[in-house]
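**Student:** Chains as they are written, first to last, in our numbering: chain A, 79 to 477; chain B, 283 to 574.
Wrong hints could be hidden among the right ones.
Dumping the calculated DMTMM-like pairs for lysine to aspartate or glutamate here, alpha-carbon to alpha-carbon at most 25 Å [to be verified]:
hint, chain 1, residue 1, chain 2, residue 2
1, A, 133, B, 484
2, A, 424, A, 377
3, A, 133, B, 360
4, A, 159, B, 528
5, A, 159, B, 571
6, A, 389, B, 423
7, A, 133, B, 528
8, A, 238, A, 258
9, A, 159, A, 286
10, A, 159, A, 337
11, A, 159, B, 482
12, A, 133, A, 283
13, A, 171, A, 258
14, A, 171, A, 185
Hint data in this document are derived by calculation from the structure and do not stem from the laboratory.
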Amino acid sequence: MRLFEHQARTLLGGFGLPFNRCLTASTPAEAAAAAASFGGPVVLKAQVPFGGRGKANAVRMASTPDEASREAADLLAMTLKNFPVARVSVEPKIAIVREVYLGCTWDLRARCPVALFNAAGGVEVESAASRVVRRHFDPRRPPGLFEGREMAAEGGLRGKDLVAVGAALSALGRAFLELDALTLEINPLVLDSGGAWLGVDAHAEIDDDAAGRLPARLPALGEIPRGSGGRRPTPLEIEAERIDSADHRGVAGRVVEFDGSLALLIGGGGASLTVFDAVLRHGGRPANYCEIGGNPTEEKVAALTRLLLSKPGVRRLAVIMNVVNNTRADVMARGVVRGILEAGQKPSGVLSVFRIPGSWEDEAAAHLAAHGVRALGRDTSLDAAAALAVQLHRENEPC
Amino acid sequence: MLISPQDRILVQGITGREAAEMTGEALAYGSRIVAGVTPGKGGQEVHGVPVYDTVREAAAEHAPDVSVISVPASGVLDAAREAFAHGIRLCLIMSERVPRLDTARLLAEARESGCTVIGPNTLGLIRPGVAKLGTIGGRVDNVRKSFLPGNVAILSRSGGMTTEIASFLTSRGIGQSIAIGVGGDPVIGSNFTDLVRLLEDDGSTRSVVLYGEPGGTAEEELADHLLSRPSRLRINAFLAGRFVDDMEGVRFGHAAVMVEGGRGSVASKAARLREAGVFVAAGFEEILEGLA
């Protein structure tokens, strides 16, 4: 999960990383009050869980509280990448002498964390790769102060700047491990005219799989952004997530809506991608992507089936999985049939393709046959099953 | 190659629902599971396999070489350390949703203790006709139907697709030397490159079918490796998730499947693999190209 900037700043501040003073506001009046409390020119930024705010004109300057109020009103009326801006940050404008970039992320090839430092600032971190100082560190031990200083020195810093930035790099590494982070950035960390180093922006992405053990300080941050890629989940996607989390057996949470009318219940992880590609290649128009696998219960399968069929315009459902291992084909068959019946429809009318070969396939075929549906076996490939689903869906659509 | 018929197998977390079922099916397929461990449940039996409270006790009685770990995600790091401390040389970690930091920590310790790790988030591996580790293939009748001994190695980021590919090859009379679900996470113990290196020296393997996905760096790393060290093996790759290329930042399927900042797209992976001499199938059925 990617945190809002103000949340990232609060968390990282807890590790001794220095940040510029900052308040958040959800109304223009609050923004004006924040500006007045700082007593000078301020910078306002839309709080959204993704980058690129500068280019989107979502970072504003204001010299007076009145101006801050107007700019905040403007930002709060914005929707960026489908994400309505609900909160802005307000911070004193700093006289910047110099900017640097600090980051920590995973090097997937080395399978360990890597600390990054760019003394030339971070606006073009990627393209200025040659100037980035990179240092891997042991996932069991955060980088020491001396390692931070070595990086700062390698980046060309000297004197008290080397000491301050070195300490910040070490603290960022410690935060990275303690927070189960996937990415942390302070971009930029700036030197102000008074000689102090202060962060003016932060980015934190936390490992969802570690959410259960995050420090108790997280809830105090307020609402954590939902969805990924800056895309807000739809009500149907949220309901799917609820169905998945209500029952730990089986994976079924990743539903993404599309604008077609062919419902898909596909799995497991890899086959869902294979089938979705094939449906598109054969010209199909999916209503959704919905992954299933990991041996779900009949109840879960039924609930998901009902949910997918509840989408307006959907009249056909294709259920396609790889040759199953730990998932039981018969449990899938019973769940799908039950879901269709509970939705008040007929399995033989709605279920255009059911292709789940593998463990318990004979029991699955028998259950479907009793409801007038013929199960496809492993002799129909994933690709052929997808093609058939598209063809049957097309025949069924009104002209 | 990774497992032999003589290997003595331990199952950590053996009394769990999935692990107990897996133990029964693996025994039926001929895997030599000698002991299980679940703290607090020592003295029980699962399909006739004795359960111990600690790996230490199990090791003293049965000297296992290989461990299959199927414990809750929060206990994986501890379970792996316990295995490393008692001489296990191959650890297969089935558990899903293991925090990345724990995976990285256990991999650092595995390197120090000389243990090979497969996973986490894997359904397992199989040498058809020899033994299997994990739930790969599921019920034993399905395992026998799906896998056939032969010369093609399957390396897959998806457990389900491992069996799908095997079943497809088997239906065309093409057998497999080994099939490995490498795990669906971005950080895993043995990636494509590690395993292709091992396969170079495996006399029973002539070609490889790879199943890849968007996200991560496994395919790119293999391409780099093959460019610097050309392989004797014919390698066919099938890459799923082309539609994900257009949906930057959205996660699909496995934890690793996400295109970020233009990196990790199927299109770029396919191009890199082709440059390195890998045949990249356009549709699933093309994975047969040149194998028969």
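**Student:** If a hint holds in the structure, say so; if it doesn't, say that too.
**Tutor:** We went through each hint and held it up to the structure:
1. Of the supplied pair hints, the one linking residue 133(A) and residue 484(B) is violated, its CA atoms being roughly 54 Å apart against a limit of 25 Å.
2. Proposed proximity of residue 424(A) and residue 377(A) is supported: the alpha carbons are some 18 Å apart, at most 25 Å.
3. Between residue 133(A) and residue 360(B), the direct Cα distance comes to roughly 46 Å. Violation of the 25 Å bound is thereby established for this hinted pair.
4. For the hint linking residue 159(A) to residue 528(B), the alpha-carbon distance of about 15 Å falls within 25 Å, and the restraint holds.
5. A C-alpha spacing of about 43 Å is found between residue 159(A) and residue 571(B), which places the hinted pair above 25 Å, so the restraint is violated.
6. At most 25 Å may separate the alpha-carbon atoms for a hinted pair to count; residue 389(A) and residue 423(B) exceed this at roughly 38 Å.
7. With a C-alpha separation of about 21 Å, the suggested pairing of residue 133(A) with residue 528(B) holds against the 25 Å cut-off.
8. Taking the CA atoms of residue 238(A) and residue 258(A), the gap is near 30 Å; set against the 25 Å cutoff, the hint is violated.
9. Note on residue 159(A) and residue 286(A): the hinted pairing holds, with a Cα-Cα distance of about 22 Å set against a maximum of 25 Å.
10. For the hint pairing residue 159(A) with residue 337(A), the CA-to-CA distance comes to about 18 Å; that is within 25 Å, so the pair holds.
11. As the CA atoms of residue 159(A) and residue 482(B) are separated by approximately 48 Å, the hinted pair breaks the 25 Å bound.
12. A C-alpha spacing of about 21 Å is found between residue 133(A) and residue 283(A), which places the hinted pair at or below 25 Å, so the restraint holds.
13. Our distance criterion of 25 Å between C-alpha atoms is broken by residue 171(A) and residue 258(A), whose separation comes to about 32 Å.
14. Distance hint between residue 171(A) and residue 185(A) is unfulfilled; the C-alpha atoms sit about 35 Å from each other, more than 25 Å.
Of the numbered hints stated above, those contradicted by the structure are hints 1, 3, 5, 6, 8, 11, 13 and 14, listed in ascending order.
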